[in-house]
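Generate the whole structure from the sequences, applying the supplied hints.
There are 2 protein chains.
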Amino acid sequence: MDAGKPAGTVSVSLDKMIQPTLLLLIYKKPSHGYELIQNFNALDPTEIVEPGTIYRNLRRMESDGLVVSTWETSASGPARRQYEITTRGSELLREAVVRLEHQKKQIQDFLQLYRQLEKEGGNR
Amino acid sequence: MDAGKPAGTVSVSLDKMIQPTLLLLIYKKPSHGYELIQNFNALDPTEIVEPGTIYRNLRRMESDGLVVSTWETSASGPARRQYEITTRGSELLREAVVRLEHQKKQIQDFLQLYRQLEKEGGNR
DNA sequence: CTTCACTAAGTGCATGACGCACCTAGGTAC
DNA sequence: GTACCTAGGTGCGTCATGCACTTAGTGAAG
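Chains as they are written, first to last, in my numbering: chain V, 1 to 124; chain Y, 1001 to 1124.
No lab work stands behind these hints: they were computed from the structure.
Treat the hints with care, as some may be off.
Pairs of lysine to aspartate or glutamate, EDC-like flavour, derived with a Cα cap of 16 Å [as the list claims (entries may be wrong)]: (1) Y/LYS1105 - V/ASP44; (2) V/LYS104 - Y/GLU1047; (3) V/LYS104 - Y/GLU1101; (4) V/LYS105 - Y/ASP1015; (5) Y/LYS1016 - Y/GLU1050.
Stretches of chain V that chain Y covers, calculated by requiring three or more beta carbons in the stretch to come under 8 Å of a beta carbon on chain Y [stated by the list, open to error]: (6) 22-32; (7) 92-98; (8) 104-110; (9) 113-119.
Which residues of chain Y face chain V? A few of them, derived with a C-beta cut under 8 Å, are [what the hints assert, rightly or not]: (10) VAL1010; (11) MET1017; (12) PRO1020; (13) THR1021; (14) LEU1023; (15) TYR1034; (16) GLU1035; (17) LEU1092; (18) ALA1096; (19) VAL1097; (20) LEU1100; (21) LYS1104; (22) ILE1107; (23) PHE1110; (24) LEU1111; (25) TYR1114.
Backbone N, C-alpha and C define an ideal beta-carbon position, used for all residues, glycine too.
Right under this line is the structure:
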């Protein structure tokens, strides 16, 4: 019962959900990276995403014109880079929604097929 | 209205669905790479996956002990590597199912939040 | 006043997966 | 003999992530 390697690499992570989710959070309420990290990881505490990954995604999204940032100096604490969504960002968010609907369907089909096979007693 | 770069990298591809899907297809019916490529891409013709990627995933899955392969020489055409799912593979498939259910929920939450904000007229 | 902790935003490096392009090889049809 | 389909790959470049580490402002504790 041991194939020599640990458990497995059948990762089904939300992977490409990062950018759409950040876009949605900023669409909901403009905010800065640190706060977005908290909110992002609060959405799904079982799948924590690295701060570095979030920050890099935000910079990339800005260079792609999906968001714009401005430095905000607050009374307490270091300056923060405040992000707002652009028109382009809203468009891409809508496109992401369409793709996510598609992906949801893919997952449903997958699950349905699995359950059907399970009932029939697949090869095991 | 042009940020200098093409459209965007807000990809929401099924990405990590590759391995679970291959596992499911083999679970359904043992078969070889070439056939799996056809079946895989028939599931979603809008998101074609490279043959090379499929073959590499199959070899990786075998080295991870999720499937086993045997060479089958057929009357017509080149020899083919026939894949079967292992016990370990069935276990991981079940785990993948759990993760996919979770991811489906994430997507649903995302879509629900988006529609709610849309109704309220998010910042635009 | 030094140290600790929290906020805030990163960067460097190694790793891992994928797409693109290319290759080998058997078999069949023209 | 040439072309095409089946079948299974590999080499290379690219891109995204995780892990670890750095910088810097501020407030509290000792």
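Hint compliance check: list the failing hint numbers for this structure, sorted ascending. Those not satisfied are hints 15 and 16.
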